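> Line by line, the protein sequences give chains F and V.
With the numbering used here applied, the first sequence covers 1 to 227.
With the numbering used here applied, the second sequence covers 1 to 227.
Just so you know, the hints here were simulated from the structure itself, not pulled from any lab data.
Since the model is a prediction, treat every value here as computed from it, not as a measurement.
Treat the hints loosely; a few may be bogus.
Which bits of chain V does chain F cover? Going by a derived footprint, with three or more residues having C-beta under 8 Å, they are [to be verified]: (1) 82-90; (2) 140-146; (3) 153-164.
Calculated Cβ distances over 12 Å to all of chain V for the following chain F residues [what the hints assert, rightly or not]: (4) A50; (5) G55; (6) S78.
All C-beta atoms, glycine included, are put in the ideal place defined by N, C-alpha and C.
Number of protein chains: 2
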Amino acid sequence: MPVRAVAFDVFGTLVDWRSGVAEAFDASGLPGDPHELADDWRARYPRVLAEVNDGSRPWGNFDELHLATLDDLLSERSLELPPEARGRLVGAWHRLQPWPDVRSGLEELRRRRVVATLSNGHVALLVDLARHGDLRFDCLLSAELAHAYKPAPEVYRLAARLLAVEAGDLMLVAAHPWDLDGARRAGLRTAFVERPLEYGPGPPARADPQADESVSDLLALAGRLAG
Amino acid sequence: MPVRAVAFDVFGTLVDWRSGVAEAFDASGLPGDPHELADDWRARYPRVLAEVNDGSRPWGNFDELHLATLDDLLSERSLELPPEARGRLVGAWHRLQPWPDVRSGLEELRRRRVVATLSNGHVALLVDLARHGDLRFDCLLSAELAHAYKPAPEVYRLAARLLAVEAGDLMLVAAHPWDLDGARRAGLRTAFVERPLEYGPGPPARADPQADESVSDLLALAGRLAG
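Bound conformation, chain F alone (with noise of 0.2 Å):
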């Protein structure tokens, strides 16, 4: 059976957040090491997206969450940082280099198959991040519009139902075996990408053996799937 849409996380899986975001830490004339900085302002991301999911927390997108997990860092490292600058901080998500291997790939992608985003963040973040890598989408589609966020099954179920097709006929791209296997709960299809610099050079390789595909890029992919 051919997969007749393709679904991509985005941080990650297609932009290169720790680069532009420890540019902007570097920017920000705050001390200390900006990537360091960039990789606990991340780590503190999916504690907050399940206070969510569990309702312990209210629905904020990528910008108010941001916001409040950058107000956490700041304060538990007793720095200062006026509003204007933490709003540049969060601003920075907005602003991502892709991988050099995005726009072509999913250029390659369209021509035989509907190609859309499947992200946490919210759609005014996933337009501004399209522009500015121009980076070309049949649609966003974002965690925002099921006001729940991936892993929760809704969120990758409701894609399926806005592209019209079977849950089993959607395949979701992402660097992240939780993303992937969140989305293999929900029936979809699964292809694993590598983005071995995503957390800087060191961390071991990720794999994900359950994953139907698994590539080293975008390219990559799209010779797979039209085979």
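With chain F held as given, fit chain V onto it using these hints.
Relative to chain F, chain V alone:
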């Protein structure tokens, strides 16, 4: 105050539904004037949308509503058509041609601002139309996301919220005064675009004296907003 984002009505404003649907009627082998059949089918659209909005009809997407109104049309005319042929007629709404200025007009507008759809058509239908016409949007927004149809104010407000702009910073572009009127009541700005051939040659030209802009095509709109 500059317009930050532009949202487009689609059927009639960006794509020529009448020619494409008439062609499909012609191919169906049904007796009668295919353009008259297309006009009759389209004329049934405001009433079913109003029924969804007032709660007397359950939510249905455009494929479902088009099938229901086609069934009515055929039954009133005592015309027979097998289910597969009815499905092909419903499918014709997924493969309509854009008006000649649309592709380049959208590209021009996208250089300076966010460009989205805001159609009563469902997301998957908009995906097919954008792919068929090679139309590039920053994002596809649909009444489907609000589970209410234009001119219900929540549809326009949802578009502003998802694009993260104030209603007054969002401009709806449409060839239909009823749609622009709904947008105005929700606080949006409006642009009327002339589509004198939407209903074929003959009907008197429409106009919307209350619109912020009135233009003959999208390139004119891009020039107006750039000024």
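> With reference to the structure, classify each hint as holding or not holding.
Hints, verified against the model:
Three residues within the 8 Å Cβ limit are the bar, and the region 82-90 of chain V against chain F gives 0, so the coverage statement is violated. For the region 140-146 of chain V, the stated coverage by chain F holds: 3 residues have a C-beta nearer than 8 Å to a C-beta of that chain, and at least 3 were required. Interface restraint, the region 153-164 of chain V with chain F: holds (3 residues with C-beta to C-beta distance below 8 Å; minimum three). Annotated as non-interface, F/A50 keeps its C-beta farther than 12 Å from every C-beta of chain V; the closest such distance is 24 Å.
No Cβ of chain V approaches the Cβ of F/G55 within 12 Å, the least distance being about 22 Å, so the stated non-interface status holds. Separation of F/S78 from chain V is adequate, the least Cβ-Cβ distance of about 32 Å exceeding the 12 Å criterion.
In the structure shown, a violation is registered for the earlier hint numbered 1 alone.
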